[in-house]
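**Q** Sequence:
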Amino acid sequence: MSSLTFDQLNLKPELLKVLTEMNFTIPTDIQQQAIPVLTTSDKNFVGQAQTGTGKTAAFVIPLLEKIDPSKVSVQALILTPTRELAFQVESEIQKLGKYLNLKSTCIYGGTSYDKQILALKKDKPQIVVGTPGRVIDMIKKKILNLDRTRFCVLDEADEMLNMGFAEDVQTILDRFKSERQLMMFSATMPKTILKMIKKSFNDHHFVKVENKSLSNDDIEQKYFIVREKHFKEGLARLIDNAPKMYGIVFCRTKLETKSVGDDLKKRGHLVEVLNGDMGQTERDHAMKSFKDGKVKIMVCTDVAARGIDVQNLTHVFNYGLPRDNESYVHRIGRTGRAGMKGKAYTIVGPNSAFIIRSLEKHINKTIKLSKLPSVEDLKRKVVESEIEGAQYILEAIKNKGADFKTEASFELFESEFKHLNKEELLKLVFVWKFNKVMRRYNNLADIEDVAKKGSNSSRTRDPRSRKPRDGANTHQKSRSKPGLKPKQSSGRKSSYRSRKS
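In the working numbering, the protein residues as written are 23 to 523.
Please note that the accuracy of each hint is not assured.
Here are the simulated lysine to any residue pairs, SDA-like style, with alpha carbons at most 20 Å apart [to be verified]: (1) Lys-318 with Arg-359; (2) Lys-221 with Gln-203; (3) Lys-276 with Lys-287; (4) Lys-65 with Gln-203; (5) Lys-280 with Asp-324; (6) Lys-310 with Ser-113; (7) Lys-117 with Asn-45; (8) Lys-288 with Lys-458; (9) Lys-444 with Ile-409; (10) Lys-420 with Glu-436.
Pairwise CB distance ranges, derived in the manner of DEER restraints [what the hints assert, rightly or not]: (11) Asn-123 with Glu-189: 28 to 38 Å; (12) Thr-336 with Lys-420: 23 to 33 Å; (13) Asn-457 with Glu-304: 30 to 40 Å; (14) Lys-387 with Ser-92: 45 to 55 Å; (15) Lys-117 with Asn-457: 47 to 57 Å; (16) Ile-409 with Asp-299: 39 to 49 Å.
Keep in mind the hints are simulated off the structure, nothing from the lab. The beta-carbon is built from N, C-alpha and C at its ideal position, and this holds for glycine as well.
Make the full structure from the sequences, and use the hints.
**A** Encoded structure:
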């Protein structure tokens, strides 16, 4: 496919101006294929592309092209699976529509109706971004009227349906009149998506963009075999061995995020947790702290992570295997961006490790079986980190010419230890600074050895070569273990509605 520039897409001058200010010149693959179709046609559209490929701008730019600012009715509705993603999309609308005289608003559950009702009634936005549950509530309250709405976008459609919103989404689509344009963007195409397309997206234009990050050589991928009861210790060792890391820990459940987050905090790490049970104020605080770099570790579920847009992550940790291959790709794709090197580390139980081979086939890349950092590795990292900090302080003291002899408290310190020689003083400082952490490391068990006891595996044997017992189907066995399983999307509502999306 030949590369187009934004200048060649016949966009409004106001859009081209803001794209130039944002230093965007060449559209991504999904943008190159979607924008020309959506700006020149009223056909329904289905786009398949992975997270991080620029899907948001692929539908926001055409909407901004088509919406009439002089009309005060809601002209476009964008549905997202999570509050965080809704914020992200609405933020993109604000940025790209900077020089256009139009309004947008965001509606979502977990917070008061009052401000959102006021925004819909008073501000009269042309674009509404929302989660399915709150959108339906606003429709039932007759606050949100879709009679004049021409466009509807389903963003991250597979995730939305996987979370149990199929019925809600179909209910919303059924409220639109026949003279409308539907747009769907999804990373995968499960049966529930195909069923919805067949029912509502008649005569649609389909675009599929292959995910280049499946074989991204900038991501170092490793996995570590540990019994599940030792997962927290294994994760802690990996984090301790990467003192300059800035990363995300992915967990399978909300309960896991809290448990893992609490454990890391007890170990002295600055951590934020993000999951669907948190109130909006808590979620906003957690997101801001992480994006601003005030904390270096975010522990979250796949769903909660949909609203995290951070470009310079160094690490992604999988606390157990994700539910399917596509989720793994989404997770690791958050590191190794923009030419930076990234690391994707997966902690897996001995009974699930063989599933790694299905991941390798999916991404066409080897995931290296590795050993956790040794006790000596961890000790060196701790000392190296503190030495760097000490040298920084020493340099600052020299540059500022600080004279501690003027401090009465320093005189007390000096008189107590001045009789020590250099070797004794260094030993004193070392024990004083590192005794507690060194004692903890010295008491660490070799949890990888423990993991392999009772599993007929030697230290060097690759568990991916292990065959299921009694001729059991590998795919079926994976369902009963805490590892990968095929997506089970259905129209049935899940317990997620209780989270007040």
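**Q** Confirm or reject each hint.
**A** Right, here's what the structure says about each hint:
1. Of the pairs offered as hints, the one joining Lys-318 and Arg-359 holds, with about 17 Å between alpha carbons and a cut-off of 20 Å not exceeded.
2. For the suggested pair Lys-221 and Gln-203, the alpha carbons sit about 14 Å apart, so the restraint of at most 20 Å is met.
3. A threshold of 20 Å between alpha carbons decides the hint, and for Lys-276 with Lys-287 the separation of about 17 Å falls inside it, so the pair holds.
4. With a C-alpha separation of about 6 Å, the suggested pair Lys-65 and Gln-203 falls inside the 20 Å cut-off, and the hint holds.
5. Restraint check for Lys-280 and Asp-324: satisfied, since their Cα atoms lie roughly 14 Å apart, inside the 20 Å limit.
6. Annotation: proposed proximity of Lys-310 to Ser-113 holds, straight-line Cα distance about 14 Å (limit 20 Å).
7. For a cut-off of 20 Å, the pair hint linking Lys-117 to Asn-45 stands: about 13 Å separates their Cα positions.
8. With a CA separation close to 14 Å, the supplied pair Lys-288 and Lys-458 stays within the 20 Å bound.
9. For a cut-off of 20 Å, the pair hint linking Lys-444 to Ile-409 stands: about 17 Å separates their Cα positions.
10. Only pairs whose Cα atoms come within 20 Å are accepted, and Lys-420 paired with Glu-436 is accepted, the gap being roughly 19 Å.
11. Distance hint check: the CB atoms of Asn-123 and Glu-189 are about 37 Å apart, consistent with the given range 28 to 38 Å.
12. Separated by about 31 Å at the C-beta atoms, Thr-336 and Lys-420 satisfy the suggested range of 23 to 33 Å.
13. Roughly 37 Å separates the CB atoms of Asn-457 and Glu-304, a value that falls within the hinted 30 to 40 Å.
14. Range check, Lys-387 to Ser-92: Cβ separation about 52 Å, and the 45 to 55 Å hint holds.
15. Restraint check, Lys-117 to Asn-457: a C-beta distance of roughly 51 Å satisfies the suggested window 47 to 57 Å.
16. Look at Ile-409 against Asp-299: about 41 Å separates their beta carbons, and that is inside 39 to 49 Å.
When the structure is compared with the earlier hints, no violation turns up for any of them.
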